[in-house]
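Asks: Sequence order for the protein chains is L and S.
Position one of the first sequence corresponds to residue 101 (my numbering), numbered consecutively onward.
Position one of the second sequence corresponds to residue 212 (my numbering), numbered consecutively onward.
Any given hint could be a false lead.
[Said to hold, decoys possible] Distance condition first, Cα-Cα at most 16 Å in a straight line; then the derived EDC-like pairs of lysine to aspartate or glutamate: (1) S:K356 - S:E371; (2) L:K121 - S:D284; (3) S:K395 - S:E288; (4) S:K356 - S:D260; (5) S:K252 - S:D284; (6) S:K252 - S:E344; (7) S:K536 - L:D183; (8) S:K407 - S:D389; (9) S:K395 - S:E371; (10) S:K395 - S:D412; (11) S:K535 - L:E107; (12) S:K395 - S:D312; (13) S:K536 - L:D113; (14) S:K535 - L:D183.
I should point out that these hints are in silico values taken from the structure, not numbers from a laboratory.
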Amino acid sequence: MFNSYTETSLSFDSALCINCKRCTQVCPHAVFTAGPTCVSLDRPSACMECGACALNCPVQAITVQSGVGCAWAMIGAALRGKDMDTESCCGENGSCCGNSGSKQKASVCDCGKKER
Amino acid sequence: MTEENNTSIFETKKKTITGTQTCGCADNCCETPAIQTTTSKIIFADRLDHLLARLGWNRLNHSVEPGLYRLGDPDAESPVFASANYTLSFDALRSSLAGIDAWILVLDTKGINVWCAAGKGTFGTDELVHRIESTGLAGIVSHRKIIVPQLGAPGVFWPEVVQRTKFIVEYGPVRANDLPEYLKTHTATPDMRCVKFSLRDRLVLTPVEFMHFALPTVAISAALWFLAGPFAALAAVSAVLSGTVLFPLLLPVIPTRDFSTKGMILGVIVSLPFAYVFGTTPGLPMWAGALSAVAALLLIPAVIAYLALNFTGCSTFTSRMGVKKEIFSYVKVMAGMAAVGVISGIILGVSKIMGVI
Ligand code: SF4
Ligand code: SF4
């Protein structure tokens, strides 16, 4: 209870893995751990669904519905009757990181996400 | 794959690339753009720019020109780093590389930091390929390796970069200041690969958070001051300050994982003194005192919980699926609490105007 973050959309098929270890290099939350023949999905609930692992896996052993998880954008989408899943915080229209968004939207995502 | 194939892949993609870029010069002119020079020194003007960026001032104008930069005195062997054209990203990189001769390839991310731009795709495969090609990087360095910030990975599909440019993508550490250590072995420790969300990281976000709500807060406080006195105005200011400044700072120490319930807990604590003072106002009939206490107990936590939920977009660990669950579980509760709180306030206001209390 009071933890909505126990499940994620992340899934991993170890049979496909060629053990290139790219996913361990790109994941900011150490969700995958290197192993002798393939990586293992060790901390699935730590996944923030950023999508870096799935995009960078050369054999598509990983799938995840990536998204930034910006409540502001998602509530906005729900209120406008739009799909909450396709509305991204960093999306085109009125994005928090975006070019055209209102001021409020423009900075919601000035995130802790700015290292480098 | 042959050279020709590579070129044709690039040709077909180029249309989409140029469509989203600021200029089409790579298509039209034959000269590669001049290489710019930068230093690892951060001067006062940079610091001022950082401060304004943190305050959300002129939000999208903290950018540097995309292209290739020379840092120190690099040669054909020197490492190449990719960065975003957001001044905070670019400056973090160049200042971390003090004493190192390197090339910096700045991507056009429209003045957005690496991670957000990667999520959005502007820091991505196409733009990286486009910059490598348009700067003629292959003719400048002898190696074929480009160090991309780890947080750029959500936008970059490395096999395609290799295929299209023959440059190998190496993912550097999360934090630029780990780069000197990283460069010794070109491997990042698990610690260097993990995103932290330190007190300082959260602190620098609070001014922007507060600024979003500053105007409505001033308006509402002014209205409350006239209708219900200075203490009511203070309650409104406290709620917004708690939600936008105190909440981010206290984030890890408030119990529960959900941001909404964390906000609710903080909200109840903040609302208690106000509820007490409203409820014990001398000269107020008991029902009116109770009603004002209830209004504070409902409204303040609802506002703080909502502001807290909004902070998920800034945090470095909330997943979309989880945030969606939070929205479905708590937004109705928050709205209900706020509605009852507002109705109580209206009843009190009307009673006051009619002279009942
Ligand atoms: S989606 Fe992101 S956080 Fe989740 S496992 Fe992949 S890289 Fe890690
Ligand atoms: S990126 Fe894909 S293939 Fe490589 S180790 Fe991870 S799961 Fe395996």
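Asks: Broken hints, numbered, in rising order?
Replies: Numbers 2, 4, 6, 9, 10, 13 - these are the hints that the structure violates, sorted from lowest upward.
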